[in-house]
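Chains A and B supply the protein sequences, listed in that same order. Using this note's numbering, the first residue of the first sequence is number 1, and each one after it goes up by one. Using this note's numbering, the first residue of the second sequence is number 1001, and each one after it goes up by one.
Hints listed in this document are in silico derivations from the structure and should not be mistaken for laboratory results. Keep in mind it's a predicted model, so treat the numbers as computed, not measured. There's no promise every hint is true.
To be verified - Mimicking DSSO-like on lysine-lysine, the simulated pairs with C-alpha atoms at most 30 Å apart in a straight line are:
#1 K10/A to K67/A
#2 K133/A to K112/A
#3 K1077/B to K133/A
#4 K1018/B to K10/A
#5 K6/A to K96/A
#6 K112/A to K6/A
#7 K1008/B to K1077/B
#8 K67/A to K1090/B
#9 K6/A to K95/A
#10 K95/A to K1032/B
#11 K96/A to K1032/B
#12 K95/A to K1077/B
#13 K67/A to K124/A
#14 K1090/B to K72/A
#15 K1037/B to K1104/B
#16 K1008/B to K1037/B
#17 K1090/B to K10/A
#18 K63/A to K95/A
#19 K1042/B to K6/A
#20 K1018/B to K82/A
#21 K1037/B to K82/A
#22 K82/A to K67/A
#23 K1104/B to K1042/B
#24 K1042/B to K95/A
#25 K67/A to K95/A
#26 K95/A to K1018/B
#27 K1037/B to K95/A
#28 K1090/B to K1018/B
#29 K67/A to K133/A
#30 K1077/B to K112/A
#31 K96/A to K1077/B
#32 K133/A to K63/A
#33 K10/A to K63/A
#34 K1018/B to K6/A
#35 K1090/B to K112/A
#36 K10/A to K1104/B
#37 K95/A to K1104/B
#38 K112/A to K1018/B
#39 K112/A to K1008/B
The residues making up each chain are set out below.
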Amino acid sequence: MNYQLKIYCKTTALADLRSFLQTTLSELNLSDRDQHQLTLAVEEVCANLIIHSHQCNGSDQIKLEVKESPEKIIFEITDNGKAFNLLDYEVPDLKKVVSEKRKGGLGIILVKTIMDEIEFESNKGQNTCRLIKWFRS
Amino acid sequence: MLTIETLKEENYDLLIIKGEIDASNSVLLDEKMQEMKNTGSKLILVDGNGLEYISSAGLGVFMSYLEDFQEEEIALKIFALSPRVFEVFKILGLDQLINIYETKEAALEA
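If we strip away everything but chain A, and leave its shape as in the complex, we get:
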């Protein structure tokens, strides 16, 4: 099954993203915990794009596609902003985040912990981030 959503690049759209994911993921055979965590990981990536790649420019858009197969679920996030490759960022040390009173960096830890695979590609100004979760029997 394939599901698709387009959101504008403003942080208030994150609530719409969550409700879309809630509806979409509730149709799959996932635990409440998994649904919650997958929603969180996808939101973290989209929030990063909205804030850092698009500077909350409400006329820009991000596209999310959810592709489900018997073995895995893929969240494909496409945008045309400044390329933000999650894979370039190392998972920050939590103690450092505390001592530097940083509010950023935590999202990356969440995405990398929750997801099984992350792919990124940038082609002629279009960036695609793929978050993959394998179903375990």
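Chain A is already provided as a structure; the job is to place chain B on it using the hints.
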């Protein structure tokens, strides 16, 4: 939707969070935490019973106060988180940095 209510009790301040915290509204949590700090609170209890969702934006707010609170000997305690929200704190290891309790009574006794 997010609401944060504050209550000043005799020995502690209570922050009652209801709804979802994300990048669009985490500033509200920041303001309330700052307010608590400024009013000289020494014990801040956070009622997480109505907290349905928290993203890194909200978790980052809690984290950003940890060092100041330690320096100023302000105790921060969170209680009654739902299992799925608590799980998110655990993924980040925040359960090791913030005191989290099952009930308000347990938080007050500790």
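Do the alpha carbons of K112/A and K1008/B lie within 30 Å of each other, as the hint requires? violated (39 Å)
Against the 30 Å threshold, does the CA-CA distance of K1008/B and K1037/B hold or violate the hint? Status holds; Cα separation ~13 Å.
Between the alpha carbons of K133/A and K63/A, is the straight-line distance 30 Å or under? Status holds; Cα separation ~19 Å.
Restraint check for K133/A with K112/A, where alpha carbons must lie at most 30 Å apart: This hinted pair holds, its Cα atoms lying about 11 Å apart.
What's the verdict on K1090/B and K1018/B, does the C-alpha distance respect the 30 Å limit or exceed it? holds (20 Å)
For a C-alpha distance cap of 30 Å, please report whether K1008/B and K1077/B respect it. holds (15 Å)
Between K1037/B and K1104/B, does the CA-CA distance stay at or below 30 Å? holds (20 Å)
Given the hint that K10/A pairs with K1104/B, test it: the Cα-Cα distance must not exceed 30 Å. violated (36 Å)
Quickly compare the C-alpha distance for K67/A and K95/A to 30 Å and report which way the hint goes. violated (36 Å)
Just to be careful, I want the Cα atoms of K96/A and K1032/B compared with a cutoff of 30 Å; is the pair within it? Distance ~24 Å between K96/A and K1032/B Cα, so the pair holds.
Tell me if the straight-line CA distance from K1090/B to K112/A falls inside 30 Å. Holds, because 14 Å separates the two Cα atoms, which is no more than 30 Å.
Next pair to validate is K1077/B with K112/A; report whether the Cα-Cα distance is within 30 Å. holds (28 Å)
Of the numbered hints stated above, those contradicted by the structure are hints 3, 5, 9, 18, 19, 20, 21, 25, 36 and 39, listed in ascending order.
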